[in-house]
Amino acid sequence: MTAAIDIVDTPGGVPGGVVVGDAGAGRPTGLIHRALRLWRTRVGLALLVVVVGVALLGPLFAPHGETEGVGIPNKSHVDGLLFGTDKLGQDVWSRFLLGGRSILLFAIVATALGLLFGVTIGLFCALNRGKLDELLMRSIDIILALPSLLLTLVAITTIGPETWLIIATVALTTTPRIARVTRGAAIVVVERDFVAAAEALGESRFRILRSELLPNVSGPLLVEANLRLTYSIGIVASLAFLGFSTDANGANWGTMIQENRLALAVQPWGVVLPTIAIAVLTISTGLLGDGFARANAGIDRGRSE
Amino acid sequence: MTASGVTTTSALTMAGLRIEVDGRGHDIVDEVDFSIEPGEVLGLVGESGSGKTTVGLAALGHARRGAKITGGVVTVDGHDMLGLDENSLRALRGRVVSYVPQDPGAALNPALRIGKQILEVLETHHFGADDKARRERVTEVMSEVLLPSTPSFLKRYPHQLSGGQQQRVGLAMAFACRPALIVLDEPTTGLDVSTQAHVLATVRDLCREHQVAALYVTHDLAVVANLADRVAVMYAGRVVEEGPTMTIFAAPAHPYTRYLVAAAPDMTGDRIMVGLAGRAPAPGSRPSSCFFAARCELVHAECLGELPPLREIAHGHKVRCTVPFAVPASIEAADPPPPLVIETRPDAALSLADICASYTGIEVVHNVTFDVQRGECVALVGESGSGKSTLSKSIGGLHHEWTGTLTVSGRPLAQSSRDRSTKERLAIQYVFQNPYQSLNPRRTIGDSVARPLVIGGTGKAETTRAVGEMLERVSLTAGYAHKYPDQLSGGERQRAAIARALVSKPDVLICDEVTSALDVLVQAAIIDLLADLQRDLGLAMLFVTHNLPVVRSIARRVAVMADGKIVEFGPVEKILTEPEQEYTKRLLADTPVVPTL
Numbered sequence: 001m002t003a004a005i006d007i008v009d010t011p012g013g014v015p016g017g018v019v020v021g022d023a024g025a026g027r028p029t030g031l032i033h034r035a036l037r038l039w040r041t042r043v044g045l046a047l048l049v050v051v052v053g054v055a056l057l058g059p060l061f062a063p064h065g066e067t068e069g070v071g072i073p074n075k076s077h078v079d080g081l082l083f084g085t086d087k088l089g090q091d092v093w094s095r096f097l098l099g100g101r102s103i104l105l106f107a108i109v110a111t112a113l114g115l116l117f118g119v120t121i122g123l124f125c126a127l128n129r130g131k132l133d134e135l136l137m138r139s140i141d142i143i144l145a146l147p148s149l150l151l152t153l154v155a156i157t158t159i160g161p162e163t164w165l166i167i168a169t170v171a172l173t174t175t176p177r178i179a180r181v182t183r184g185a186a187i188v189v190v191e192r193d194f195v196a197a198a199e200a201l202g203e204s205r206f207r208i209l210r211s212e213l214l215p216n217v218s219g220p221l222l223v224e225a226n227l228r229l230t231y232s233i234g235i236v237a238s239l240a241f242l243g244f245s246t247d248a249n250g251a252n253w254g255t256m257i258q259e260n261r262l263a264l265a266v267q268p269w270g271v272v273l274p275t276i277a278i279a280v281l282t283i284s285t286g287l288l289g290d291g292f293a294r295a296n297a298g299i300d301r302g303r304s305e
Numbered sequence: 001m002t003a004s005g006v007t008t009t010s011a012l013t014m015a016g017l018r019i020e021v022d023g024r025g026h027d028i029v030d031e032v033d034f035s036i037e038p039g040e041v042l043g044l045v046g047e048s049g050s051g052k053t054t055v056g057l058a059a060l061g062h063a064r065r066g067a068k069i070t071g072g073v074v075t076v077d078g079h080d081m082l083g084l085d086e087n088s089l090r091a092l093r094g095r096v097v098s099y100v101p102q103d104p105g106a107a108l109n110p111a112l113r114i115g116k117q118i119l120e121v122l123e124t125h126h127f128g129a130d131d132k133a134r135r136e137r138v139t140e141v142m143s144e145v146l147l148p149s150t151p152s153f154l155k156r157y158p159h160q161l162s163g164g165q166q167q168r169v170g171l172a173m174a175f176a177c178r179p180a181l182i183v184l185d186e187p188t189t190g191l192d193v194s195t196q197a198h199v200l201a202t203v204r205d206l207c208r209e210h211q212v213a214a215l216y217v218t219h220d221l222a223v224v225a226n227l228a229d230r231v232a233v234m235y236a237g238r239v240v241e242e243g244p245t246m247t248i249f250a251a252p253a254h255p256y257t258r259y260l261v262a263a264a265p266d267m268t269g270d271r272i273m274v275g276l277a278g279r280a281p282a283p284g285s286r287p288s289s290c291f292f293a294a295r296c297e298l299v300h301a302e303c304l305g306e307l308p309p310l311r312e313i314a315h316g317h318k319v320r321c322t323v324p325f326a327v328p329a330s331i332e333a334a335d336p337p338p339p340l341v342i343e344t345r346p347d348a349a350l351s352l353a354d355i356c357a358s359y360t361g362i363e364v365v366h367n368v369t370f371d372v373q374r375g376e377c378v379a380l381v382g383e384s385g386s387g388k389s390t391l392s393k394s395i396g397g398l399h400h401e402w403t404g405t406l407t408v409s410g411r412p413l414a415q416s417s418r419d420r421s422t423k424e425r426l427a428i429q430y431v432f433q434n435p436y437q438s439l440n441p442r443r444t445i446g447d448s449v450a451r452p453l454v455i456g457g458t459g460k461a462e463t464t465r466a467v468g469e470m471l472e473r474v475s476l477t478a479g480y481a482h483k484y485p486d487q488l489s490g491g492e493r494q495r496a497a498i499a500r501a502l503v504s505k506p507d508v509l510i511c512d513e514v515t516s517a518l519d520v521l522v523q524a525a526i527i528d529l530l531a532d533l534q535r536d537l538g539l540a541m542l543f544v545t546h547n548l549p550v551v552r553s554i555a556r557r558v559a560v561m562a563d564g565k566i567v568e569f570g571p572v573e574k575i576l577t578e579p580e581q582e583y584t585k586r587l588l589a590d591t592p593v594v595p596t597l
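Going down the list, the protein sequences come from chains A and B. Mapped onto my numbering, the consecutive letters of the first sequence carry residue numbers 1 to 305. Mapped onto my numbering, the consecutive letters of the second sequence carry residue numbers 1 to 597.
A hint or two may mislead.
[Stated by the list, open to error] To spell it out: a stretch of chain B is covered by chain A in this simulated footprint if at least three of its residues, at any positions, have a beta carbon under 8 Å from a beta carbon of chain A; those stretches are:
| # | segment |
| --- | --- |
| 1 | 396 to 404 |
| 2 | 432 to 439 |
| 3 | 450 to 462 |
| 4 | 579 to 588 |
Everything labelled a hint here was simulated from the structure, so no lab data went into it. All residues carry an ideal CB built from backbone N, CA and C; glycine is no exception.
Work out the full structure: start from the sequences and follow the hints.
Structure below.
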């Protein structure tokens, strides 16, 4: 599949009231439509559906409990068990099926929060350039200067591995980047006359943000949100790997890798399964983001003379 | 080096040039044949999308991304531009053929001093014997384009120059190596009329004196009237007419050329502007018959057969039409306009008293006072930087830094649109310059047009009805309500923007350079529409423009603005025929017009 590259010749303009094309025709193709024509978006989406399916529906099919001891520890071949036992004698397959949910949920919620705050700050700053914009953007620079994993670690080691704290800190590291991208994209839109037209009509600030600015930055925003999701997954998994998960004994892909890495030679499944899952998850969101980015970049291809 | 003195070889020859959309085989331009002799200026005129820029770039052996030169011959000063590899072409570009782009601000390297940039061209092409000779050439070429060649001036960066000076530097770079041919792509678009006049004069003189041939690409017929020796008119990728400039204006043979001449604004008031419906067929949807047949009033059976060839009808005058010299009825019927007798009521709809506006504390509009009466159109004319846009934005509530009294229908208005009541805001409406920017691309035309009504509290059914009615009124159909801006042409978008401005039945309409982003045929139609609406709805209209000739067809009184002051104010006939102020006289003299027969 390749993207359709249209050389659209700028029409000279129609002075008369000639109806071109059928009246009432909607938008020809949206960003999602165009993105789905690219193979990378399709592959990314398919992979994502598989991993998300495992993480969300997996618990329904787990043959054993999360912390249920079922045999001798670190055995790769145990009768009745698909992938053997881990270092505490628990079923690897069951823990794998159970361990995706928290990573995925944490990452999605954190990204969504980051998106909400980031977009609000970004649009606000773009519309109201001035002292507050400067202040917010410089604060963002400070947060950006700190490595995100370090920032979350400092917060979590200080307060403890609470669910809300993990989500909040990951969201905090996501917000500045989204705010930056949103502001950058929106600043160009703010200069355009339709925003001035809305101002002249006396539309409320909120309405201008929501109806005039937001729809016109959704392209780059979608790309950035996808990228942030990829990184959030990485951070949440890393935190679990480092031992900062809400439930120390609970199943979690990050924790599993950490627990079972010492026995990698005798029982690889405890590490391999969650590693593959996290890898596929990040790759799929990455591919999706890339697909959207490409579709977005091609929006006006060949339009200008 | 050019074969100086030998005039038997043409500077540029194009024969059977065909350029296609890469990979599709649809022609962008085809059958382009013409030549330019040394010292001659050929004006290549066409609307946007006609392929004129594509042809201009082909003279440098270049095709834009997505386009491919698939046939024909392009020879510049004996060099076969289509047979050479990229390295040989690079060696020729700038030395044998050079290019002056539309926007000099974007074409000059902002990080290099201008002297260095010109010197670099010479160094690249090993012009002159040594560094000293090249530096002398820089000084020489600067004086040729009428710029100071002092060391301090050469040390300036592009941003320290005015737009006109930047374009002169662009010309200096193009002329530096004394090329045989220079391609100019709308180099004066975006410049003021007086700056434009000077740049055009410079180009003409340089070409004559140094026997340089020029291909001048433009959409504006009036610009080439005083510049070009010959004119070629392009339509839908074909040259439809070519001939000596005076012949083209005095006796246009192709109906399209005739429309172009008729659509050009006229200062004398002897004829009205005539627009033309329809649009040129795009690559891939061009018929096998005459491309213009669908829009031509003179169409007959023969036109629907094959595309007529470009044939010579007089010495040096070629046309691609089966019925050359026939006059379309709408142009013949276009009598001089009746004198504007508009019923104006003595009460001012819009009244400005002592308006001073400033930007970051610096006053740019000084003590402007005038009235616009009900049912009257006043044109506000000025060059860029004259403060006309700041003034109109202040009236519209989009610029807040101003003092003075502004009243609409007797009510004084607050500075910012935010401090005005909904009713006050809806009483003044604004049409923006660029229809490509003034409509939200993510919203349907219907939604955009409906907004003022929704804000005004009109009910849903009534809004839908009023939007449909308004769209019809601006010669769109109600079906356009469901379309998005990118499905519309520039002219259609501007109509939609006008519909949005008028749907709330305002008292005052401000039109800010509403036609400057449009092609000449579209401009004529939009002006025509605005004049009709203004008359029918009894609107008070402030028509802001830099284009003096267009005000004749629409305005009753004209305010000429310079340096933030109104320098002259009076009836349109008087301002355009016997202006009192020196500034207005100069503005009139510099404005390029299509010569009347």
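These are the hints, each one checked on the structure:
Coverage of the segment 396 to 404 of chain B by chain A holds in this model, with 3 residues showing a Cβ closer than 8 Å to a Cβ of that chain against a need of three. Counting residues of the segment 432 to 439 of chain B whose beta-carbon sits less than 8 Å from any beta-carbon of chain A gives 6, enough to reach three: the coverage restraint holds. Beta-carbon proximity to chain A at under 8 Å applies to 3 residues in the segment 450 to 462 of chain B; the threshold of 3 is reached and the given coverage holds. Check result for the segment 579 to 588 of chain B against chain A: violated, 0 residues qualifying (beta carbon to beta carbon below 8 Å, three or more required).
In this structure, only the earlier hint numbered 4 is contradicted, and the remaining ones agree with it.
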